[in-house]
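Engineer: Listed here are the chains, written in short residue letters.
2 protein chains.
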Amino acid sequence: MTKPLPVGATIGILGGGQLGRMLSAAASRLGLKTHIFEPGANPPAADVAHAVTTASYDDHAALTAFGNAVDVITYEFENIPTSALDLLESLAPIHPGRQALATSQDRLTEKNFLQSLGLQTAPFANVENAGDLAKAIAEIGTPAILKTRRMGYDGKGQARIMAPLDADQALADMAGAPAILEGFINFSHEVSIIGARGADGAVACYDPGENVHEDGILRTTTVPANLKPSQRTDAVLLAANILNALDYVGVMGVELFVTPNGLIVNEIAPRVHNSGHWTQNGCTVCQFEQHIRAVAGWPLGSGVRHADVVMENLIGDDMDRLPELAHTDAAIHLYGKADVKPGRKMGHVNRIVTKG
Amino acid sequence: MTKPLPVGATIGILGGGQLGRMLSAAASRLGLKTHIFEPGANPPAADVAHAVTTASYDDHAALTAFGNAVDVITYEFENIPTSALDLLESLAPIHPGRQALATSQDRLTEKNFLQSLGLQTAPFANVENAGDLAKAIAEIGTPAILKTRRMGYDGKGQARIMAPLDADQALADMAGAPAILEGFINFSHEVSIIGARGADGAVACYDPGENVHEDGILRTTTVPANLKPSQRTDAVLLAANILNALDYVGVMGVELFVTPNGLIVNEIAPRVHNSGHWTQNGCTVCQFEQHIRAVAGWPLGSGVRHADVVMENLIGDDMDRLPELAHTDAAIHLYGKADVKPGRKMGHVNRIVTKG
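Taken in sequence, the protein lines are chains B and V. Letter by letter, the first sequence follows residues 1 to 356 in full-length UniProt numbering. Letter by letter, the second sequence follows residues 1 to 356 in full-length UniProt numbering.
Because the hints were derived from the structure by calculation, they are not lab data. The model shown is predicted, which means the values in this text are computed figures rather than measured ones. Among these hints, one or two may not hold up.
Remember, identical chains collapse to one label, so a pair may be satisfied in a single copy or spanning two.
[To be verified] Computed list of lysine to aspartate or glutamate pairs in DMTMM-like fashion (alpha-carbon distance at most 20 Å, straight line):
| no. | residue 1 | residue 2 |
| --- | --- | --- |
| 1 | 3 | 320 |
| 2 | 3 | 324 |
| 3 | 3 | 215 |
| 4 | 345 | 215 |
| 5 | 341 | 320 |
| 6 | 228 | 324 |
| 7 | 341 | 318 |
Using the sequences and the accompanying hints, generate a full structural model.
Structural biologist: If you want it as structure tokens, here you go:
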């Protein structure tokens, strides 16, 4: 059991986007500093970080200085180059650990891992070439979806195969990257569960939220989700199962499809998650602070929900609605991004429904 | 009516203590940057600020550079040297404005102002010398309390006069500073009301909190306060009265004594206030964000209380209780101060009682 980090200690965060920004603000509440490592200039997290290193993930001198300057390392995205992790882990503990990263970085590894725990996933098959794909389509059927094994997010690196005829184009879309074919799931809606596991092995989960996507990007999360009590319990148990199996330390997002045959795991993200942003205004301790508590070796805090919440992402031109939103009772959370781009997450709002 | 500051704009904050720290974290939620001006090295606010200027208030070059780098100026303490304000106000708007500062910087000006609004204060008299003091004691009686007109906080610059015999020592304690004598108030308890006024003139007040002091330092604030509905209304009306009279923009703390003859104003603070820290976990928009919204020209947010809260300050050795507190459901807010000193505010906790 690690000793909790003392007040004034520094948490290194790989990635300086909005998740790093909100992690930094949360760390400040616990008297902890953050140091951001980010290749891009002026990242959103820089506004609220104690220190920022602007360097690429193959800059070993910068990585070494960063690793020596921090007490523990965490990250806001999972696609961190392995060589950087190899170097950093010799300098400071990395939470969540390498096993969680390796599992979630590769859709094939992730699905095999989930099935090894007895959890349901979409039917899937490894696809390395046209022969594999033909065989996979024969086995899984269409419609199906071809996804790169690595580096996919927000619907990128995916191609739908509505009929076997689409196979060639889909494979071309992968641009030679290793891929998996996933069968379509007949689900009624998608929920996600945000779980946390402390360095002491304690597990705490937030209430599941119900997600609506548009164009492959999360649009809203609503709590409580439309779930039967037994499904809610199932969601918590399967999240705990995953967290324990990975000896996980930190917050994890688990996306689930709700089907007549139970909950099917879509994917896991070894970090704070967009579908957990509602916790900032619905709980005493939000997902960002919970993650910081875990990686800092503190006990987990209270994630009890005190209100019903609808979280809505502000994407691209949604920012034009800001003047109007500022006049409502919604809690506004902006990421300080100067340039509005289509599909870019610029902020989110949490609308609260007080209980009782 | 000022135009609202756009995302990415910078708010200059005079003072880098815990209030500046929490203002900075709140500003980040609105996509705004902060720039701290603070004479002391490594101030608490630096951990979450976009920029920090370390310089004294008579460094005109540093003040000029600061004033030119920010879009609006606010402050976390009221005792800012007048010469610095004179220079800064030529460079950027200052909110709350000079009238609020001038009024609250001097206990005599403040009391005259409050009485001019028809509000009750403790009986008081100006004391510049032993003759004034004798006359004031004859008029007001004992027990009474002699206070420096300027620069007093947390019980500093005060001397009790239990009997006329104590007058000489009390006057000596003032060390030649202009002072006022205040009569004792027979009050049952102290409450404070945190009010906000936007650039558009809209006023919003948080529910009054009930304060308990120890050794002249705030120990706890509890909401709801023990007040009759009519007293609660009185508190809101008098706060609005003060805010409007000063053409105020920002958050203000008003300390009130509850007496059989109504509410008596103890003092006003033209800034976010320790007795408003409970709003961080009791409201959608806390006092820090409300202040930022106001000084940035945004509409005020929702200050509706969704829970009963007890705020407890962590002072000096209270930090020894941190490991135990981290295991409770309390929301922890630490200021990142490295050195624990007796009487030093190190952080606070908010304990939530969910309604309904």
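Engineer: Hint by hint, say whether it matches the structure.
Structural biologist: Hints and how they fare:
Taking identical chains as interchangeable, the C-alpha atoms of residue 3 and residue 320 lie at most 20 Å apart only when they sit on different chains, with a minimum of 15 Å there against 47 Å within one chain. Taking the closest pair of Cα atoms, residue 3 and residue 324 come within 20 Å of each other only across two copies (14 Å); inside a single copy the shortest separation is 47 Å, beyond that limit. Proximity of residue 3 and residue 215 under a CA criterion of 20 Å is satisfied in neither setting, with 44 Å inside one chain copy and 34 Å between copies. Taking CA atoms no more than 20 Å apart as the test, residue 345 paired with residue 215 passes inside one copy only; the shortest distance there is 13 Å, against 49 Å between copies.
In this homomeric assembly, residue 341 and residue 320 come within 20 Å of each other (Cα to Cα) only inside a single copy, at 12 Å, whereas the closest approach across copies is 48 Å. For a Cα distance limit of 20 Å, the shortest separation of residue 228 from residue 324 qualifies neither inside one copy, at 36 Å, nor across copies, at 36 Å. In this assembly of identical chains, the alpha carbons of residue 341 and residue 318 lie at most 20 Å apart only when taken from the same copy (10 Å versus 48 Å across copies).
Of the hints listed earlier, those the structure fails to meet are numbers 3 and 6, in rising order.
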